[in-house]
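J.: Next come the chains, spelled out residue by residue.
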Amino acid sequence: MTSSEANAGSFTYRLTVALMLAAVALLVLGGCARGRTTASQSWSGVAVVENADGGATAFIGTKEGRLVQLTLASTAGGGQLVQRGRAFGPPEAEGDTAPAFYGTPTVASGRVFVGGYNGVVYSLNAESLSDERTWTVDGNPLAQGIAGGVVPVETPAGLRLVVAASEDSDMGRLYVLDALSLREHCRYPGEGLPGIGQMWTTPNVVEGIAYFGDHDHQVHAVSIDDCVSRWDRPAELGGGVAASPVIVGNDLYVGAFDRTLYAIGRSNGQPRVLLTAESWFWAGAATDGKRIYAPNLDGRLYIYDIASGSPITAAEFDDDDPILSTPVIVDGRVVVASDSGAVRLLDRNGDQLHSISVGDKVRAQLVAVGDIVYVHALDEGVSAFRVLDRFLDDEWERDLDDID
Amino acid sequence: MEFFGLLWDEIITKPMTNSLLLLYVLLAGNLGLAIIAFTVVVRGLTYPLVVRQLRSTRKMQELQPLIKAVNEKYKNNPQERGRQVMSLYKEQGVNPVGCLGPLVIQMPIFIGLFWAINNVLPFTPENLAGLSSKLYSFLPSLDSVVPVNRHFLGMDLALDPVRSGSIIGFALVGFSGISMYVQQKMTQVPSSDPAQMSQQRMMTLMFPVMFGMFSLFFPIGLVIYWVASNAIGIVMQYFITGWGALKPTTASASSGRSRLGPQLPGSLPDKEQVDDGRPEHRTDGQDSGRSDRASDPRARRRPRRNRGRRR
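Top line first, the protein sequences correspond to chains A and B. Just so it is clear: in the first sequence, position 224 is 217 by my numbering, and no numbers are missing. Just so it is clear: in the second sequence, position 19 is 22 by my numbering, and no numbers are missing.
Treat the hints loosely; a few may be bogus.
So, partial list: chain B residues that the calculated Cβ filter (under 7 Å) puts toward chain A [claimed, not checked]:
#1 128
#2 129
#3 135
#4 137
#5 147
#6 149
#7 150
#8 157
#9 159
#10 163
No lab work stands behind these hints: they were computed from the structure. Owing to the predicted nature of the structure, the values given are computational and were not obtained by experimental measurement. Glycine included, each C-beta is placed from N, C-alpha and C at the ideal position.
The whole structure should be built from the sequences, with the hints applied where relevant.
T.: Set out below in structure tokens:
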């Protein structure tokens, strides 16, 4: 081998090594960059209440652990946003202990309630965002406490709050609290008993019974009067449940991580398989009383006809981004948002009528008041859309980061 | 960068995440055991690379005194110095970047392992939702086991040892530092240069301490992986290079230099003598740069076919 051949061979070798190093470095960088996108986020829906003066107030939980109050000119009327906002940051909001709000705030009896992922239920004066009261499980903050909403329920004994909280990654309980004092009324399972699975759900309370699922593949029906199960045994599904069940007639409908949408008898807790999707059912379904609209992480919206007892279609979209946001029904049309940031208006058969992008992932449940749909995206943008016949009309938008 | 992120997901993260969950199913839903088994499997698959890397590193380290001597001899003639160093590498059959290749190939595997464990230990709803996109649709049974049971030996594997407050968690942090120290010590070849020795000693202590401190703030599941990975690494290294500097031999301790001895090119041991495509059996107690196993009585119990073959 001549010297020039040796040099050429050496150059090729070095080039190969350099290219290999560069390829691996790019791959690793890509992988690392991808990993960073899993930074902690949270997604609170928008709670809107009408005021006596005809205006309205919206409450939204933010990623920084703040509760933001927006004053609106009206809910379903002009939709004009009064350019005023206030933010309440709980004491824990400083540093890395800021509570993440995954559940939508609720308002009742002049108080606004929201549950934090730190396991704290916050109760504040809805007008002034002052007079803070808090509740934690047995007085302890929790690592993964509340990832659903706090449900206020009027009972003969007064206003109660129903909340699903997890003591750790394996164990959760349902708690019923007195709304004003935040004292515990009862819990399921009771004190001294082992808990059920971890819960990241908002219970659905109908006629004094709370229906909710857990990560141990079970769905429960518990009376909020005495925290006693109304079924002989919980409904056993094939996968974990994060969605809130919806109730139509004598059945509740809920999807699970085993890609299956179930109907469960309200009286006996017997589950039936309705359809199977290609990924998990994460968000709760919407219903118009005749059909179930169940979003899936495979990016489709599955439509099931209750009367005929058969699936109608799986509405597919241009992008196949996961749907983690619970859709809403407005005047017989469905509004659904996905991780692509697209907010879509569909007819009752799942055909797309119109689509608007809000720029970032939408994972918070959509909230409709009248013909206005409120959307909270992960970039902290809040938008209001009016549902017209075949269009979504952009009413206003606001960046919550701009509110001090 | 998005393209490389997708590529990363498809060829590294997804296969590893699904494999880890499969092991979780096979091991009766015990995530701690699944992580340990997964680490054993991955380290086993990368064993040939590790062997090459360790041998190459060892050879390079052992040549350092010779290279130093060459550098000193030809310090005023850089061209000749380079030629002599290359000639030394050639004579010894050492590739100067030989240890780099296996190391580079292992890097994405270990980072992927890190992410796979992170993926199956979702601490927040968004982490769990993200896991759904990493599972293969042709393995529907995996959907039914998430979220996994994260408890092992009374610890929540998704929590860091500080938040967990578990004594076993803190013990694991200690083990991760100690095992790293042992592994580093085994790789080292004592230097004749006091300054280099002091630097070596500092690095050998500093890295495990830093690593232990980092471990305090990573999920315990990852700390288990590190401890298991280090333990396997120690075993591998023992069979390839012996205890190394952890148990200094009289010769190396007294001379404080490589067992090859500082010989300049030309007076070095004949390459054929140490690398004839068959296992070497040196009788002079010197290391061939390949392994200590020749002098280890246990080594003779195992067939040595195909070992030491050079391409």
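J.: None of the hints should be skipped; say for each whether it holds.
T.: Results for each hint:
1. 128: Check passed: Cβ of residue 128 of chain B comes within 5 Å of chain A, closer than 7 Å.
2. 129: 5 Å, holds
3. 135: 5 Å, holds
4. 137: Hint violated; residue 137 of chain B Cβ to chain A Cβ min 11 Å, cut 7 Å.
5. 147: It holds, given that the least Cβ distance between residue 147 of chain B and chain A is near 5 Å, below 7 Å.
6. 149: With a closest approach of 6 Å, the residue 149 of chain B hint holds.
7. 150: Nearest chain A Cβ about 5 Å off; hint holds.
8. 157: 11 Å, violated
9. 159: With a minimum Cβ separation of about 6 Å from chain A (threshold 7 Å), the hint on residue 159 of chain B holds.
10. 163: 11 Å, violated
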